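In order, the protein sequence lines correspond to chains A and B. All residue numbers for the first sequence refer to my numbering, where the first residue is 5 and numbers rise by one. All residue numbers for the second sequence refer to my numbering, where the first residue is 5 and numbers rise by one.
Hints are computed from structural coordinates only; laboratory data are not their basis. A couple of the hints might just be wrong.
What the hints assert, rightly or not - For lysine to any residue, the following SDA-like pairs were computed, each having C-alpha atoms within a straight-line distance of at most 25 angstroms:
| hint | chain 1 | residue 1 | chain 2 | residue 2 |
| --- | --- | --- | --- | --- |
| 1 | B | Lys-46 | A | Glu-57 |
| 2 | A | Lys-61 | B | Asp-53 |
| 3 | B | Lys-46 | A | Gln-41 |
Keep in mind that this is a model prediction, so the values were computed, not measured.
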Amino acid sequence: DSGVTQTPKHLITATGQRVTLRCSPRSGDLSVYWYQQSLDQGLQFLIQYYNGEERAKGNILERFSAQQFPDLHSELNLSSLELGDSALYFCASSAPGQGNEQFFGPGTRLTVL
Amino acid sequence: GENVEQHPSTLSVQEGDSAVIKCTYSDSASNYFPWYKQELGKRPQLIIDIRSNVGEKKDQRIAVTLNKTAKHFSLHITETQPEDSAVYFCAASPNRGGKSTFGDGTTLTVKP
Chain A
5 DSGVTQTPKH LITATGQRVT LRCSPRSGDL SVYWYQQSLD QGLQFLIQYY
55 NGEERAKGNI LERFSAQQFP DLHSELNLSS LELGDSALYF CASSAPGQGN
105 EQFFGPGTRL TVL
Chain B
5 GENVEQHPST LSVQEGDSAV IKCTYSDSAS NYFPWYKQEL GKRPQLIIDI
55 RSNVGEKKDQ RIAVTLNKTA KHFSLHITET QPEDSAVYFC AASPNRGGKS
105 TFGDGTTLTV KP
């Protein structure tokens with residue numbers, strides 16, 4: 005157990021819908037990262053937050069948005085869902101400072117039908 | 005931005021043999037290089053990491069080497085076991101912020 009929690013574990017929805025994925029980082033970690041992993045694919049970095057502020061942006065679609073709240077939990081919102089959005093979405097957190105290990109949550113498996 | 009290339013994409017070895025996975029990176033500002041192991045359906049987990057002030061690091065059967073001049077780093081697994089079968093990801097993290105750029109992964113299969 006990494007100490008990072010993600011809910012829900014599984015999500016099945018239809019095209020065109022909107023979903024929210026939730027992540028709670030490890031206690032004391034200020035950074036939260038979101039990744040998308042499609043079947044047999046690598047980890048695609050989506051976005052990073054640090055202490056409530058957006059720190060870095062990757063290949064995140066305009067239909068996707070995220071935020072980090074004052075209690076440091078983060079939510080990833082996916083809207084106008086398409087079949088190709090079906091993937092495993094991981095959240096990771098790391099401690100303050102440069103170049104620290106990222107601890108990954110168990111992931112949310114999203115299936116868009 | 006940073007670009008990380010990882011080779012090979014698949015690697016099959018016999019139990020007891022060694023396995024080597026190589027990564028190159030582009031941003032000379034990167035100074036932290038972790039390796040993650042991801043078993044099927046599970047989260048990536050850190051297995052070893054190295055910082056730019058170190059050339060080699062070992063942890064039992066696993067070692068990582070770093071060549072900052074050539075901008076490449078490698079993962080070495082000796083005496084491989086079937087439970088080493090997984091996808092391995094390398095990553096590079098720059099000086100500022102914590103964002104890591106991941107390689108595309110190597111699927112390692114260790115045949116008994």
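Evaluation of the provided hints:
1. B:Lys-46 to A:Glu-57: violated, 29 angstroms
2. A:Lys-61 to B:Asp-53: Holds: A:Lys-61 and B:Asp-53 sit about 24 angstroms apart, inside 25 angstroms.
3. B:Lys-46 to A:Gln-41: holds, 11 angstroms
The earlier numbered hint that this structure contradicts is number 1, and it is the only one.
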